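K.L.:
So you can see what is in the structure, the chains are spelled out below.
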Amino acid sequence: MNELYSLTIAEASKQLAEGKITSVELTKAIFERIKIVEPKVGAYITLCEEKALETAKESDRRRAKGEKLSQIDGIPIAVKDLFLTKGVKTTAGSKILEDFVPVYESTVTKKLWEAGAVLIGKANLDQFAMGSSTETSAYKTSKEFDSTTRNPWDLNRIPGGSSGGSAAAVAADECIASVGTDTGGSIRQPASHCSITGLKPTYGRVSRYGTMAMASSLDQAGPMTKTVLDAAILLNIISGHDKFDSTSSKQEVPDYSKLSGDIKNLKIGIPKEFFGEGLDPEVEKVIREGIEQFKRLGASIVDVYLPSVHYALAVYYILMPAEVSSNLARYDGIRYGHSAIKREKRKEKSESLLEVYMKSRAEGFGAEAKRRIMLGSYVLSAGYYDAYYKKAQKVRTIIKKEFEEIFKKVDILVTPVSPVPAFKFGEKSDDPLAMYLSDILTVPVNPAGLPAMSVPAGFVKKEGKDLPVGLQLIGPMWSEQAILNVGYAFQKSTDWHKKKPNINN
Amino acid sequence: MAKLSVEEIEHIAKLSRLELTAEEKELYAGQLSEVLGYVSQLNEIDTENVDGTSNVTGLSNIYRDDAVEPSGISHDDIKINAPEFDGGNFVVPGVFE
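Chains A and B are the protein sequences, given in the same order. Quick note: the first sequence, position 30, residue 30 per the working numbering, numbers continuous. Going from the second sequence to the working numbering is simple: count from 1 and add 1000.
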């Protein structure tokens, strides 16, 4: 494959540095690719062609002057439409922010643009990051199917969520790389379903300033890329302490891209609880083969136990909605967003303040947002706070401690990402609990603040289509280097991450 | 758990500042009850001597000087998104009757 759009960050960066290609050529190639596949895939809510070409020209100018450039200077990036991008419409996938134009930049995207990256567009997502399929987005970005984003590997299936647009864009070569967010698996699961690499860093590694908050104690932004090396390069750029995010850590940022790929004597733990009932046997086969590969590379494999980990989903679906109900209170039709005030004609009797809140939110939010806000209000309300919210916080401690104990015995955990491959559109959208249960393997990581990564590990055949299966690496807090190194070793010795979808119906 | 009543849903909706139709009240009562039923399994686990975790960073009370810095956001910026903005103020229905 020698099309420019199929390059990785590392490859494109090298070719740009050697003067073999220009950023303008690369950006144009991406937009040509978008014209062909985007009507089917529908990865983007907003495309920024004019601005992208301007940015690309500036990058080429800097390079011609001989300035010292970052590894992502001139590289086309897609950004999940949850990051505030100044002057560029940002919707969070919701009608409540249909015409919202941010007046400041998120720290993550600020770092990308300061490093010279080119913004291709804002990628589709489950509304306010709430979902595992991108189906809850209010934006039907796949013109051909009149639906939300489609999985490039099988257009009848979802790309995963909530960062489904970001994952699909990378998988379909509609960008060189993208950034997403992960609160309960929203980077890792779509990465798995779309056969790309997705990393959720340690909580506090990346600033959350300007990243629309879902659950403030769980959210983390991270790279979604074609390779582990690319993920490391992006992580270098976006990591670091931010005075505007007091949960961001002052922990030093090493050079994550210094990867040896040597995992001899690494102790890999296989937690039994992640391989139980409900795991598709063909998915399990792929993961087991991946574990064998790690053995061949010199790692030792140990069975481990996390007896309370199955409670993590219940913990998550109490704590996350509680934090959501607080974070989404700001969408009240007063300062920005869809508003019942706007509909008022000046001379008519206006609605009361309470009615403005209740109508603006009812009209602007989708069903999933309403469900989670209400769940949150309930578990925080008088009479229920102790039984639900406080209880969940205590179980969170138990789960976190169990992980800490395990990491005294092993370096890394290997598990599947999703119990089943990408499901079909509409299959779970009528049953919220069934949708939530599909998060069971990714969710435990966020309450514990741990870093985790999904890498392509193979495919399973369903109804004649090859569907991607990702393998999850989980490490203790601040172990991004180890996780990236294991992933790098895996990608040096396997070809799964090089496979590309054939985007036909 | 028993299904949430319409009154309970109305109470939650008011707390959430959401206006719901009659159909929505029925639908969400069922769906929320199912989820609450699932998460109630936490009652099985003993947390007698466990402290809750509200954040995993170990950080607390991050301070800075109480000094004003320019925000970089002008009234014109605010006008872009504000439903009603006049002379530097957001126009809202009366807070008091």
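Don't take each hint at face value.
Claimed, not checked - FRET-style restraints, in silico, Cβ to Cβ:
no.	chain 1	residue 1	chain 2	residue 2	range
1	A	Lys-492	B	Gly-1072	39 to 47 Å
2	B	His-1075	A	Lys-143	34 to 42 Å
3	A	Glu-114	B	Asp-1086	52 to 60 Å
4	B	Glu-1044	A	Glu-49	51 to 59 Å
Said to hold, decoys possible - Not close to chain B: a few residues of chain A, all C-beta gaps over 10 Å, as computed:
no.	residue
5	Asp-99
6	Asn-265
7	Arg-288
8	Arg-361
9	Gly-376
10	Lys-400
11	Val-420
Said to hold, decoys possible - 16 Å max Cα-Cα, derived EDC-like pairs, lysine to aspartate or glutamate:
no.	chain 1	residue 1	chain 2	residue 2
12	A	Lys-462	A	Asp-303
13	A	Lys-28	A	Glu-58
14	A	Lys-57	A	Glu-144
15	A	Lys-359	B	Glu-1010
16	A	Lys-89	B	Asp-1077
17	A	Lys-359	B	Glu-1019
18	A	Lys-20	A	Asp-60
19	A	Lys-492	A	Glu-292
20	A	Lys-394	B	Asp-1077
21	A	Lys-370	B	Glu-1023
22	A	Lys-370	B	Glu-1019
23	A	Lys-110	A	Asp-242
24	A	Lys-40	A	Asp-60
25	A	Lys-243	B	Asp-1066
26	A	Lys-86	B	Asp-1077
27	A	Lys-390	B	Glu-1044
28	A	Lys-342	B	Asp-1086
29	B	Lys-1014	A	Glu-363
30	A	Lys-401	B	Asp-1051
31	A	Lys-35	A	Glu-58
32	A	Lys-408	A	Glu-292
33	A	Lys-390	B	Asp-1046
34	B	Lys-1014	A	Glu-355
35	A	Lys-394	B	Glu-1044
36	A	Lys-498	A	Asp-466
37	A	Lys-264	A	Asp-411
38	B	Lys-1025	B	Asp-1046
39	A	Lys-370	B	Glu-1026
40	B	Lys-1003	B	Glu-1026
Since the hints were derived computationally from the structure, they do not count as laboratory data. Owing to the predicted nature of the structure, the values given are computational and were not obtained by experimental measurement. Backbone N, C-alpha and C fix where the C-beta goes; we use that ideal spot for every residue, glycine too.
K.L.:
Evaluate each hint against the coordinates.
P.N.:
Do the hints match the structure? See the list:
1. A/Lys-492 x B/Gly-1072: 39 to 47 Å: 45 Å, holds
2. B/His-1075 x A/Lys-143: 34 to 42 Å: 38 Å, holds
3. A/Glu-114 x B/Asp-1086: 52 to 60 Å: 36 Å, violated
4. B/Glu-1044 x A/Glu-49: 51 to 59 Å: 55 Å, holds
5. Asp-99: 8 Å, violated
6. Asn-265: 29 Å, holds
7. Arg-288: Per Cβ check, A/Arg-288 is outside 10 Å of chain B; nearest 29 Å; holds.
8. Arg-361: Given a closest Cβ separation of 5 Å, the condition is violated.
9. Gly-376: 8 Å, violated
10. Lys-400: 6 Å, violated
11. Val-420: 19 Å, holds
12. A/Lys-462 x A/Asp-303: Judged against 16 Å, a Cα distance of about 30 Å means the pair is violated.
13. A/Lys-28 x A/Glu-58: Distance of about 14 Å is within 16 Å: holds.
14. A/Lys-57 x A/Glu-144: At roughly 32 Å apart (the allowed maximum being 16 Å), A/Glu-144 and A/Lys-57 break the hint.
15. A/Lys-359 x B/Glu-1010: 14 Å, holds
16. A/Lys-89 x B/Asp-1077: Status holds; Cα separation ~13 Å.
17. A/Lys-359 x B/Glu-1019: Given that 16 Å is the threshold and the Cα spacing comes to 6 Å, the pair holds.
18. A/Lys-20 x A/Asp-60: Given pair A/Lys-20, A/Asp-60 holds - Cα atoms ~12 Å apart, limit 16 Å.
19. A/Lys-492 x A/Glu-292: 15 Å, holds
20. A/Lys-394 x B/Asp-1077: Judged against 16 Å, a Cα distance of about 43 Å means the pair is violated.
21. A/Lys-370 x B/Glu-1023: 14 Å, holds
22. A/Lys-370 x B/Glu-1019: Distance of about 10 Å is within 16 Å: holds.
23. A/Lys-110 x A/Asp-242: 12 Å, holds
24. A/Lys-40 x A/Asp-60: 32 Å, violated
25. A/Lys-243 x B/Asp-1066: 14 Å, holds
26. A/Lys-86 x B/Asp-1077: 10 Å, holds
27. A/Lys-390 x B/Glu-1044: 15 Å, holds
28. A/Lys-342 x B/Asp-1086: 14 Å, holds
29. B/Lys-1014 x A/Glu-363: 15 Å, holds
30. A/Lys-401 x B/Asp-1051: Holds. A/Lys-401 to B/Asp-1051 sits at ~11 Å (cutoff 16 Å).
31. A/Lys-35 x A/Glu-58: Roughly 24 Å between the alpha carbons, so the hint for A/Lys-35 and A/Glu-58 is violated.
32. A/Lys-408 x A/Glu-292: 23 Å, violated
33. A/Lys-390 x B/Asp-1046: 13 Å, holds
34. B/Lys-1014 x A/Glu-355: The given pair, whose Cα atoms are some 10 Å apart, holds under the 16 Å limit.
35. A/Lys-394 x B/Glu-1044: Within the cut-off at roughly 13 Å; holds.
36. A/Lys-498 x A/Asp-466: Since the Cα atoms of A/Lys-498 and A/Asp-466 sit roughly 14 Å apart, the hinted pair holds (cutoff 16 Å).
37. A/Lys-264 x A/Asp-411: Roughly 12 Å between the alpha carbons, so the hint for A/Lys-264 and A/Asp-411 holds.
38. B/Lys-1025 x B/Asp-1046: 34 Å, violated
39. A/Lys-370 x B/Glu-1026: 14 Å, holds
40. B/Lys-1003 x B/Glu-1026: 10 Å, holds
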